[in-house]
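Asker: One-letter residues, chain by chain:
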Amino acid sequence: MTDWIGKYYLIEYIQACGWAAVLAVAATLGGVVWAGALFFFTTVFGRIGRVAVAAYVQIFRNTPVLLPIYLVYFGFPMIGIVWPAAVCGCFAITLQQGAYVSEIFRGSYKSIDRNLYDAAQSIGLSGWQIFSKITVPQVIVYSLPSLGSQVVLILKDTSLLSAITVAELMMQAKRTQEATGAIYWPFLMAAAMYLFLTLFIDYFFARAQKAVRWR
Amino acid sequence: MNTKSTHFRFRINALTTAVIMFFAVALFGVITQASADTSNSRYDAIVKRDKLIAVTMTTIPPFAFKDEKGNLVGFDIDIYKLVARELLGDKEKIEFVGVGSAGRWPAILTGQADLGIGTIYMRRANNVAFTYPVMDTSINLLVTKKSGITSLADVNKPGITVANLENPQMKDRANRFFPKAKTIILDGSAAQLLAIKSGRAQAMQMDTAVNDYYAALNKGELISLGAMLGDMFGNGIYCQPGDFKWIRWLDTFVQELRFGSLYADYREIYNKWYGKNPPPQRHYLENN
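Residue numbers (the working numbering), protein chains in the order written: chain P, 6 to 220; chain W, -2 to 285.
What the hints contain is simulated information worked out from the structure, not anything from laboratory work.
This one's a predicted model, so the numbers in the text were calculated from it and none came from an experiment.
There's no promise every hint is true.
As the list claims (entries may be wrong) - Using 25 Å as the maximum straight-line C-alpha spacing, the simulated DMTMM-like pairs for lysine to aspartate or glutamate come out as follows:
(1) Lys194/W <-> Asp204/W
(2) Lys12/P <-> Asp184/W
(3) Lys179/W <-> Asp118/P
(4) Lys78/W <-> Asp151/W
(5) Lys269/W <-> Glu253/W
(6) Lys177/W <-> Glu17/P
(7) Lys179/W <-> Asp169/W
(8) Lys242/W <-> Asp75/W
(9) Lys48/W <-> Glu83/W
(10) Lys12/P <-> Glu92/W
(11) Lys168/W <-> Asp207/P
(12) Lys161/P <-> Asp184/W
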């Protein structure tokens, strides 16, 4: 049994799987918070906010995520900022996913019934109260289905962090392949673990959607 | 009803995933079996195809890299072209498959490429068949001048970071020569170079020829340390194992290249990329 675990590098794969999960959670939290900030910017700062955020979204949506990953990891030390590779990776994915998720928030915001705002104003709610009690809860609920897909994409984006030394699943697969000479099974093991993680994400968001929609 | 529906959806997803995984494994099994079929020699397939397919990394000067015009050039590339000339009568009857460090072995084992050139290690020889060495090689360290590193002893310190590739040989050397230093793993020499130039690492492990080339390009900034990490190695041509006709042809090619009828070509290529003559054709001949 022990031989079998050692032969297939199971312990290392499980550690790498854990890393992929941690990175995905960190990048998701970062991405959602950053997207929330961008969304807040667009709703509060009017035309200037919308133009600035639209420009940001265009830049990050139209460049491959590997680019910010490389820029942060290799570029920041040149200006004296030396973060660990995992932090650089999460930060870069956060920057990119913030752009995508802010668009999801924007779409959800557009689908809120405008009459609710008239009603809120008529009973004397302040701007902040309308934002926190009407806008944010509904944006979150309407965003959940798309967010589920986006989190799966974030998880898959973490596979690119092997390019900057992060010991996640793809790195483990490549190292196992180099060490054993095997062609397929190191990558099939990684694929199976990614599937396990994505199924978990799918299940989590399916439950979350049911929980909020029928309350 | 809602919880049931969620569970039902999850079961459907799990079922779909299991079916996809089954077909993926079955497909890979078929491909593996097909690639392992060596009843027909690769040699015959290449002659019939009238084109040689070589796998190579594309960012390891002076072995294989893109010049300013975007053409793939280098010592390995010239050797591949010589193989094409000797096998098919035309050095241009060749196609290159560009991969990263770890992608070389699958490209050969799955039959995507006919041959490659790489450092010979016994662990690698368990998976691919190597010829005799095309050239002698060694591994050393490329360091930044500002790091103050002048010897191997300077590298073996806690504050030093060394950039490696994924292969286990680099890990073994790191454990042997600088266990106190931190190591980071990247997927190619270009990324390693970026790591030491950006300050992520102070040194990188690579073939001495590659490090010498980078040091020459970055005079005053990078230094190729003279000390070798271990002994000399050989860079050999590799191909699928179990194909006697093809490996014998390649071995004969290498033998003629280094010691026989192709030595003049070898000397020219060696001079072109290393600026000096290769080891003599026969050690016991004086004017050689």
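Asker: For every hint, state whether the structure bears it out.
Answerer: Against the structure, the hints come out as follows:
{"no.": "1", "hint": "Lys194/W <-> Asp204/W", "result": "18 Å, holds"}
{"no.": "2", "hint": "Lys12/P <-> Asp184/W", "result": "23 Å, holds"}
{"no.": "3", "hint": "Lys179/W <-> Asp118/P", "result": "57 Å, violated"}
{"no.": "4", "hint": "Lys78/W <-> Asp151/W", "result": "42 Å, violated"}
{"no.": "5", "hint": "Lys269/W <-> Glu253/W", "result": "19 Å, holds"}
{"no.": "6", "hint": "Lys177/W <-> Glu17/P", "result": "22 Å, holds"}
{"no.": "7", "hint": "Lys179/W <-> Asp169/W", "result": "13 Å, holds"}
{"no.": "8", "hint": "Lys242/W <-> Asp75/W", "result": "23 Å, holds"}
{"no.": "9", "hint": "Lys48/W <-> Glu83/W", "result": "12 Å, holds"}
{"no.": "10", "hint": "Lys12/P <-> Glu92/W", "result": "36 Å, violated"}
{"no.": "11", "hint": "Lys168/W <-> Asp207/P", "result": "38 Å, violated"}
{"no.": "12", "hint": "Lys161/P <-> Asp184/W", "result": "18 Å, holds"}
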